[in-house]
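S.K.: Residues per chain are reported as follows:
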Amino acid sequence: MRRRLKRGWILLASPLLLSGCGSEYVVLHPAGPVAATELHLIELSAAIMTGIILVVWALLAYILVRFRDTPNNRAPYLPNWRGTLWLEALVFGVPVLVLLIMAVPTIKKTYALDHIPSRHPLIIDVTSLDYKWLFEYPQQHVATVNYFYMPTGQPVLFQLTAHSPFGAFWVPNLGGMEYTMPNRVLPLWLEARRPGVYLGRNANYSGVDFWRMTFSAHAVSPAAFQAWVRQVKRTYRPMTEDDYRRLATHFDLVGQETYSAYPSDTFPERFREFTIQGLHYVPTRHP
Amino acid sequence: MRPWFIHLIKLLFPPQVLLPDIVGIDIGLTLSALAIALYLTKARRWGWLWREWLTTVDHKRIGIMYIIAALIMLFRGGVDALMIRSQLIVPEAHFMGAQQYDEVFTTHGTVMIFFMAMPFFFGLFNVAVPLMIGARDVAFPRLNAISFWLFAFGAALFNISFSIGGSPSAGWFSYPPYSELQFNPGVGENYYLLALQVSGIGSIATGINFLVTILKLRAPGMTLMKMPLFVWSALVTSTLILFAFPPLTVALGLTMLDRLFGASFFTLAHEGMPMMYANLFWIFGHPEVYILIMPAFGIFSEVVPTFSRKPLFGYEAMVISLLAITFLSYGVWVHHFFEMGAGPGVNVFFGLSTMLIAIPTGVKMFNWLFTMWGGRIRLSVPMLWQLGFIPTFVVGGASGVMLAAVAADYQYHNSYFVIAHFHNVIVGGTVFGLLSGMYYWWPKMFGWKLNERQGRWAFAFFFTGFWLTFMPQYFLGLEGMTRRMASYPPGLGWGGLNAMSTIGAFIMGVGFAILVYNIAWSRMHPEWDTTGDPWDGRTLEWSLPSPAPAYNFARIPEVHERDAWWAMKQRGETDAVKLSPDQVEPIHVPKNTPMPICLAVSFFVGSIGMVFAWHWMAILGGLGVVAALAYGSLEDDTDRELDPTTVLNTEKRLGRVHP
Ligand code: HEM
Ligand SMILES: [Cu+2]
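Top to bottom, those sequences are chains A and B. Numbering of the first sequence is given in my numbering, commencing with residue 1429 and proceeding in unit increments. Numbering of the second sequence is given in my numbering, commencing with residue 782 and proceeding in unit increments.
Simulated from the structure, these hints should not be mistaken for laboratory data. Note that CB positions come from ideal geometry on N, CA and C, so glycine has one too. It is possible that some hints are incorrect.
Said to hold, decoys possible - A few chain B residues facing chain A, derived, Cβ under 8 Å:
(1) M1037
(2) L1041
(3) F1094
Stated by the list, open to error - So the derived label-pair ranges between C-beta atoms look like this:
(4) A:A1517 <-> B:L830: 54 to 60 Å
(5) B:A1241 <-> A:A1517: 33 to 39 Å
(6) A:P1504 <-> B:R1234: 40 to 46 Å
(7) A:E1685 <-> B:G1272: 53 to 59 Å
(8) A:L1513 <-> B:G1436: 40 to 46 Å
(9) B:V1031 <-> A:W1485: 40 to 46 Å
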């Protein structure tokens, strides 16, 4: 119910949104806890900021009507008014207060999102290449290109890197983005509560075809996930060094690909940085 | 073996510059250049051009040249913008290819920020600041000319890239490793690096110049706390420039070493550290966005009191806010990459410091509102832009705070939400401010006013178009549309909002066309400003005739309070600015010099050499630079004296001598 109310705020905030709050508003339709937490913060800040905007608009409109330079304007004219202390304190105090209200949830949610709520998450190693996404499962030893499967109801740790210019891994329904950068590995955890196929894309310009670098995230029940892994292992051939080289060095678009294994040196061994705190998870290649 | 000239032609004209539209523009530009040259020759105006403009060191003329150049760049950047929007009007449009699209958004951003907004307010600083503080010129008039010409040739260098060699395509912040040779083998990126370097030297020099001018050349009695706020804003902008540009210089310099000399600071190979570039760029980049907005804050702090007939509300708070913003803006840069894995501690720190900036900004907003409270508001064109600014900028500021809420930014970053935010503040803040200032000081620059009715129409179109263009983009962001997409497939629900946005952009285009018409028409039907004080102004520039004589003040005024000219008018002492014949003294004025333009041409030639890796030409340009500098320092006959009779005659003609 409180959610509803907050959602109502956003609706009030804009007739534009009112006319189109359908499922195309991916950010407003979270399918998992990370996106939901982020949406919470978005709604809260949107509500507060809408309040500020309305106050300023109303004040401006009132002043414009009341203090126009028209012949018979009876409003007081204060040609020597340079300031009044309490009013100046107020215009300072109000923004301070508003920002305090914003700051607390910002701190809380940002730290909260940094804790992956699982000691043994499923790990997916993500590499952005020009212009495709490579997903490797270090625990299951399978690999895919431009799509991946994940079990619902279970946090998934994405370890992100690039063998290309910077990219950004973004599945708006599941949560916010994180960059993929060469020579570095960055962590991001996401979780799907609802099964479904969610569109992901490269959110950072990395070349002429970056905007076509989409992938689909298939969230399925844990049993279906296990079945998918088994099926991949049975049906597909392993990725060879040549396969990887082709993916990494041809700057082209490819369709979806699936491999039942992959060479072990295609993902960086050494981590310059790894910043999920509270996780105490020391990444190793093949646990 | 292919002959060398085939190589050369391929280098100068790669396929990307041979698109039909570009060739068409090339032909058009060449023809117009020829027409202008022909006109100058026929009318025997070359000498005039050289003496009065190309070698001038008069801050008022330099200011005018800055503003004209900025308007031309606004046109170029605007055409880029319309091309971008045309491509996005419907899903899968084929207006242009992705490569060309990438070049267009890169040049759009770079031109608008470095070659439109910055020179525009440099122009307004030049036009107004010395007059407002009662000075006869800036502290270093020659350095001022050098700054202008470095900017002009930097801009020229950047702008020729689209017809010779190819435009850059790595975006206005040009992140490596994408900007490195491996992914960007053409010369476009070199153009970007060198053009920004050359004009950046000019910007730093302008910063120093205005810092010294404001600190050293104020009229007697004008203490810092009696300065008009526009002067304060020039002071803090100059400070920001001084400390913000060096990191950019370093970032561009290292990239250049990578590209031209095989280093690997930021490359993909050899364990380069592209992340370092992101830090360096945004340590410059965030102060830069405040460099862009501070002058607008200053302009509005002049325009609001004038058109409300009231002193500024909370002057001290306004000054403190400017200083607070200046200080804070160096400590927020990480908000441009919360998603690069700095960890929650760092991210939260920078998120909160960013929110802090909103406090002084909010204070300013309310102070403008309370300045109008109890006033008598006249809706002249400069004030209209201000009245458009408040409701627009508050939305931009509010969305800025939303972006600063770190975890929320994970969803907005690199999406159209960010695009909407910064256009809200840069167009609704900076551009509205600059245009307000242009209309405000235009009579002081030229002696005639811009037609009010046309000005209102220009504003109406621009303002309406603005809202229609940028409000939908917030929602596109929430729909998951990322910035820099060269096109998008149908079926995602993005079509309608994009179409609205494009229509809005064309309405803004019409607004700009009316503005240009406004200038041309008003020049043909001038409404002369005979009083020198067309708006019933408050600050010293309005005590001078329009346009002011070369030496500005025959006698330096003495200042006792803020809004000095208004106070004089209130007390009926306006005659105090007139002279009696025995008060006339000789005046030192700087002499014109060809050195600045020669220096800038040398930089231009050298930069072309660097762009194409023709080392002999780079060395030639370097020698030219050294020669121009040597000539400049050895020249000792740099100023002349206006004798009292000349001054007296000029002042008599302006009606400013007691009988
Ligand atoms: C209330 C004050 C402001 C706050 C809190 C604020 C906050 C932010 C934040 C957090 C971002 C980064 C968003 C992202 O990339 O994910 C951003 C981007 C940006 N802001 Fe602001 N901002 C404010 C005012 C301004 C002003 C006054 C300007 C310029 C006149 C400005 C220009 C920009 C630009 C150009 C970008 C994007 C740069 C790019 O990625 O190309 N902002 N702002
Ligand atoms: Cu910033």
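S.K.: So, for every hint listed, does it hold in this structure?
M.R.: Okay, the hints, checked on the actual structure:
| no. | hint | in the structure |
| --- | --- | --- |
| 1 | M1037 | violated (18 Å) |
| 2 | L1041 | violated (19 Å) |
| 3 | F1094 | holds (6 Å) |
| 4 | A:A1517 <-> B:L830: 54 to 60 Å | holds (56 Å) |
| 5 | B:A1241 <-> A:A1517: 33 to 39 Å | holds (38 Å) |
| 6 | A:P1504 <-> B:R1234: 40 to 46 Å | violated (31 Å) |
| 7 | A:E1685 <-> B:G1272: 53 to 59 Å | violated (23 Å) |
| 8 | A:L1513 <-> B:G1436: 40 to 46 Å | holds (45 Å) |
| 9 | B:V1031 <-> A:W1485: 40 to 46 Å | holds (43 Å) |
This entry does not satisfy hints 1, 2, 6, 7, going by the numbered hints stated previously.
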